[in-house]
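S.K.: If you want the building blocks of each chain, they are given just below.
There are 2 protein chains.
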Amino acid sequence: MNKFVVHQLLNHVLIMHPEQLIVSGKHRFTYTEFNLRVLKLANGLKKIGIKKGTMVGVLDVNSHRFLEMHYALSMLGAIIHTINFRLSPEQMVYSMMHADDEWIFVSDIFAPAVKPLWAKFPNWVLMSDNNTQTLLETKQAFHYEDLINNSEAKPLPEADEVQEDDIFSIFYTTGTTGEPKGIPYEHKTILTGAIQLFHHMALHENGASLSSRDVFMPLIPFFHIHAWGMAFFPFYLGVKLVLPLAADAAEQQALIEKEKITWLNMVPTQLQALLEQKDFGNIKVLTGGSPFTSGIAHRATKAGVKFSLIYGGSDQLGTAISVVPESINPDSPEALEWLRVGMRPFPLVEVSIRDKQGKEVPHDGSTLGSVWVRSPWLPKGYYKNSEITNQHYINGWFRTGDLGFFHPNHLIYIADREGDAIKSGGEWIPTGLLESIISEHPAVAQVAVIPHKSEQWGQRPLAIIKKKSQINDNDLVVFLMQKVEEGQMAKFWVPDHFIYMDEIPLTSAGKLNKKILRDQYSQF
Amino acid sequence: MNKFVVHQLLNHVLIMHPEQLIVSGKHRFTYTEFNLRVLKLANGLKKIGIKKGTMVGVLDVNSHRFLEMHYALSMLGAIIHTINFRLSPEQMVYSMMHADDEWIFVSDIFAPAVKPLWAKFPNWVLMSDNNTQTLLETKQAFHYEDLINNSEAKPLPEADEVQEDDIFSIFYTTGTTGEPKGIPYEHKTILTGAIQLFHHMALHENGASLSSRDVFMPLIPFFHIHAWGMAFFPFYLGVKLVLPLAADAAEQQALIEKEKITWLNMVPTQLQALLEQKDFGNIKVLTGGSPFTSGIAHRATKAGVKFSLIYGGSDQLGTAISVVPESINPDSPEALEWLRVGMRPFPLVEVSIRDKQGKEVPHDGSTLGSVWVRSPWLPKGYYKNSEITNQHYINGWFRTGDLGFFHPNHLIYIADREGDAIKSGGEWIPTGLLESIISEHPAVAQVAVIPHKSEQWGQRPLAIIKKKSQINDNDLVVFLMQKVEEGQMAKFWVPDHFIYMDEIPLTSAGKLNKKILRDQYSQF
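Protein sequences appear in the order of chains E and V.
The first sequence: position 444 = 444 (the numbering used here), numbered continuously.
The second sequence: position 387 = 387 (the numbering used here), numbered continuously.
Just so you know, same-sequence chains aren't split out, so a pair can sit in one copy or run between any two.
When the alpha-carbon atoms are kept at most 25 Å apart in a straight line, the in silico PhoX-like pairs for lysine-lysine are as follows:
no., residue 1, residue 2
1, K258, K278
2, K359, K40
3, K491, K423
4, K359, K154
5, K26, K258
What the hints contain is simulated information worked out from the structure, not anything from laboratory work.
Work the whole structure out from these sequences, hints included.
M.R.: Written out as structure tokens, the structure reads:
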């Protein structure tokens, strides 16, 4: 009866927006054509034995085939494991083994790279335009397009039996420590969470406002919470969807122009790359996932890019969104305030920031605490990992592992990861916030602040800088002392050491890889 | 963990929009003040013994006290029975007995009228500004404001224990036949259904588009699905809410001006009354619940009122919404098409129109069938009435009892109630559609079409007309023959008889009371 079930979205878009387009490379499908392919695919999958509860790994960039798999597996009640290809090879294999993937669907982009895995997993399907290409000369693999071409587009009776609390998907987080953690999501949880996120951006004035007139392109990969819900919402809304495949920044820019894309999601590093393109249209961007520096905000605003920042994650879905007006002069005094990204929780989401004793910190604009979250779309825990589940999912709340504080107006400021903050002489220095301030220097392209061992203070901040133009330690100290005078930071936050690198290592999610940096530089 | 629970909405609005206003007569509360009253009230209710599962009837117009009851009872896990005061006195008592109301909360407006019921129900609370007023000299009753004044505003531990599948409310439908039927709603169902409705109007271009800048006033009473969800959505959105109490059309008009109201809901008869006011601002109206005649549409559009029409009901919540552009020239040829109100189902809602054999009718713009609906927010059935539940809630679908057809573009047209359609010589005549066409005549204020017994044809249509200006049978026949020539209706739809009345009887929901009309005129 109650049906928050993923493939249910198809019924709506087919009836109301049958001619709307999905674009994927050289392919252009109407939603009607897309649905026919999904129905045939679902029948094809059924023939090869995929059924309710089958775990199916999919390894691809954001393509129409990957999207089709979402809906076809949903109809069968099977589970899609969106394989995180930005994990290290060892971690990726770990995730596929840990999820017990019974089938691996791999696109030709990734087929050569997974050669060493052929023996580890018995059942393979190659996703490719080119049916004659084989995964391996001797290895038997099905061809995705054969599954479609050899099947009828008839409805599956089991599609009606899928329940909203059945598991729809699993994906693995890309933490900077430990093994990847898998998070299973029910149909209902992933759908209500995704719908809530996009609805909110339609209702409230913000940089990434959206409507049924927008054209969408997800630069967040499907393995990150189904491109932050973009695998679902275009169907819900009936809008044109453009899938970027493996487009680089220049190709993304070309797509934006050609397909008249107005609404995108991406992490700040992707936005930074896009902003380096010469021509830039008037687009709306939802970004987040790593600290958003003032530097990027300035450049984006000057380039006519409107944006909102989302706070959330694979293990909590969307939690809060920045209160960014649609247009702001990045050089105005008010700009500084919102560039620090005050966040408003989504309705029905509660955020609690707690001290070590578990008591909510005062809403005073400075007291740091541990960020806890609860919401209707919180998952139940990590897959086959009750120990870490019990550390994070407690009494209906999720302990995020982030440090933050409340503004007196109750906006939330996320300052750092708990493991990243620096304890200097008994006082916390939030590295995320400090990075944001340092990034305001026009010669700084990217910055990571990590703790450096100190006999006297326990830890002191060390700043690792990727330069945009010539700069030295003294320039930075002068710049930061100015910020101290302006009351934006405490004097003891000014780093003792600066290191200059050509490229700062990033994690699979495009975040600063502080683990590598700490291993290398904390003790030098 | 998962918390689609009504009082959860308070947390959000308190943090993000604490100074926003709720206006109710001479009272003006911020959401912060409202919350303090709710907390005190919940503690007061607890003291008098109201607890999880207690059934509490509330009899009032749309007031702040009625709204407070929604949230205070939610915190206790008690159930609110929003008493339908437009039922006949016998039916109202029936609903209170059938729901097993343990407590009756009654406002001073209704207190005199319910005198005969004092003995029937043991526990009474009087909702009034005036604490000295007693319900009855000898009858012991609590005073609502005492419950608040004598209690602390402390959080209730049980509020955290309320589950999203607990029953939140029950209300009784006002069908034109049989006893009223009660429908219990879970927290999750009523919240997700309401949120979906308002979200949709924010996302899609339509007459009743809304945003966080709107000011809301519900003219739909709380006993109709909590004012079609307006008891919840202003909290979700953080907007100013104005409660009309018992305002008549002139007072509503004054409120709209004074409080700068931009967004209202109401049934077509209320809109008609409002349109008779001299001055009229630029407002957005969501309407529905009974056929929306072209006459009202024309007048509304000329008065600068933008509107959308919703299709749904107490036993299915919101199902579909009209595809009405924001502005349209009501005299244009296109206007006629949308005045017939093509409907688009909400995402995740499926509408199926079926013939007698249960097969979906062709989408040809004319084949009438029975309208079936399924959605994630469908209730499980009628309260303590498995027989009628089994007739309507079948295999996860709800049989609405409406007749409709699909346009070739898949828009849905609701033509009639199944019991109202006329079978003339073996062919259906949809009375709702016929009424809409007749109402386009400028001299027609209101029209009801009912079947009239015919030896030759079985049934023939009889039109009952409320005149706006002078008109006779011949004028109407000439007018309708013109519509026949234009291809808008079949010739055999033209009524054989016309009757003129000063006032056409309405049901408690403001719909044409065809039962009374049929009893009186079908056989004359």
